[in-house]
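Number of protein chains: 2
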Amino acid sequence: MNHADTMLAESLDGFAAAHADIVLLATDREFVRRKRNKPGKVALISGGGAGHEPLHAGFVGHGMLDAACPGQIFTSPTPNQMMNAAQSVDGGAGVLFIVKNYSGDMMNFQMAAEMLDQENAVVIVNDDVAVEDSTYTTGRRGVAGTLIVEKILGAAAERGDNLQQLKILGDAVNKATASMGVALTSCTVPAAGKPTFQISMNEMEVGVGIHGEPGRRRVALGSADSIAEELTSAVKKDLGLKADQEVILLVNGFGGTPMLELYLMVNATRKVLAKSGVTVARYLTGSYVTSLEMAGCSITATVASPEFLSLWDAPVHTAALRWGM
Amino acid sequence: MNHADTMLAESLDGFAAAHADIVLLATDREFVRRKRNKPGKVALISGGGAGHEPLHAGFVGHGMLDAACPGQIFTSPTPNQMMNAAQSVDGGAGVLFIVKNYSGDMMNFQMAAEMLDQENAVVIVNDDVAVEDSTYTTGRRGVAGTLIVEKILGAAAERGDNLQQLKILGDAVNKATASMGVALTSCTVPAAGKPTFQISMNEMEVGVGIHGEPGRRRVALGSADSIAEELTSAVKKDLGLKADQEVILLVNGFGGTPMLELYLMVNATRKVLAKSGVTVARYLTGSYVTSLEMAGCSITATVASPEFLSLWDAPVHTAALRWGM
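Chains as they are written, first to last, in our numbering: chain R, 1 to 325; chain F, 1001 to 1325.
It is possible that part of the hints are untrue.
[What the hints assert, rightly or not] Example chain R residues on the side facing chain F (calculated, C-beta under 10 Å, incomplete):
#1 Arg29
#2 Ser223
#3 Leu260
#4 Tyr263
#5 Leu264
#6 Val280
[Stated by the list, open to error] Rough simulated footprint, nothing fancy, chain F against chain R, three-plus residues with beta-carbon under 8 Å:
#7 13-26
#8 285-292
Treat the hints as calculated values from the structure; they're not laboratory data.
Glycine included, each C-beta is placed from N, C-alpha and C at the ideal position.
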């Protein structure tokens, strides 16, 4: 970096320059927005602390988000950012906020929702099955499943669903989605300058949060197969997955894990699922919801109805997800 | 991982499962090939040691490679793999091998080229301006610029260019492309189980290779701006970049570097280029040519002719690069 306090601003400037065909960066870098509004469409807005890139700005564009409000690293954006974003991308059909369940984000997004003149609703994502209540959270944390909620809602908004339909769909996708992760190293918040937690070379944190929050247990480093077994079992149990069901599977890296290892986890996870007769209908593999440079990964599964699959497959054109156009 | 000696095989199985719509994995995992051949098209084949994912298998598909031969981690594939790949994807118009300039890869690809019955040619990529001759290389190393060569040649092969045209074009793209990287940590080859080189928290290796080979110098950790200045100056000097020229800019992560930092480097690099009047016509940002979990990044620039840009923009449908379809 250059300086911890200009890091986010410089990174956003680079992002906006690199994706000038898709996004605009607002004055004072309050939000990243879709370049062209689509009149008559419900506006989808998300946001949260930086440090999870490409979430959320990387998912702004056709078929996904209309705007993303970045806070400082691991810090909620302000209600003002959200309100200004809502005014900027208003298509006359209302605003849907997609919020990861952290206390700061919840407070600020709900404040923005209350103050907003436009009709609006909030979908809360709380897919992390590892723990109830955590450092920054009452209830379950919102983690990589947020990407799946944003993709499916984005496609539904693009086809013309109204605010009420999107709210119902968003809650349903969240309910059908579960995640759990494991960390092999800590992340380091630039302003803090030292690792968020201490962990030895031979340990792992099972159920870690995406800010390095504690998970279920700290244990000796296990094999990929044993990790896949533990993460997938927790996800399966939460969703009540049964034989002959299909899932969308996201194997997500936390920022410091190479693709070689993520695809190895894909292989281990699909084998665990196959043992229960669960089929993977769609795969997504990559570092999409990260914790700065933390090494580790998470498994996310969404029970895949035909409607979810059709919306998942719909065209998307963002910095980090692009297909069908 | 599970075991060091099954790591590549398991990762390839996961990759093939996740991208079954695009690729097929050959018997004995000798190569990853495009699912459907295109008759009459020159077949493009690359390969090299694993540990650089998504290179090369992630670039197999429409508009890019027809097959990729993976060696064990940081180890060349065998001539047999390459010959079997060539027979499998033969479209009747000859075979072009795209080879990164490492002694093992060069020897084995040239051996395959000589033994092959089909008409063939070899394009050598040696874009790394950091050093002449290195641990595994006589001359300059082939690094992230390989992606640009593969993308542009892939588009040209798809539009119907013949073998001779592709060989000339590939050499021209390689000549117009220069890269240099910096590492903040080492990588760890799984079978070795310890870091390839020692580097302290406050140091960086300027000009590092993608196997952790030494670069130009080991210095105190610098600011992002100073790193961008040094890498970009070396690239600019090599290409003889002048005001009013346009480039394709790839800011490439080595596997352990988050997008937040890569976009910060995008911002720093475009400012350095702008000072010389050089414009970035196309950006690509991400961890595409990696060194396992090494932290660090490289800057690659390709002098952008209208033809190169048009081929860059052409549709591509691979696991790691996808646009226009």
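Legend entry - Index of numbered hints that the structure contradicts, given in increasing order: 1
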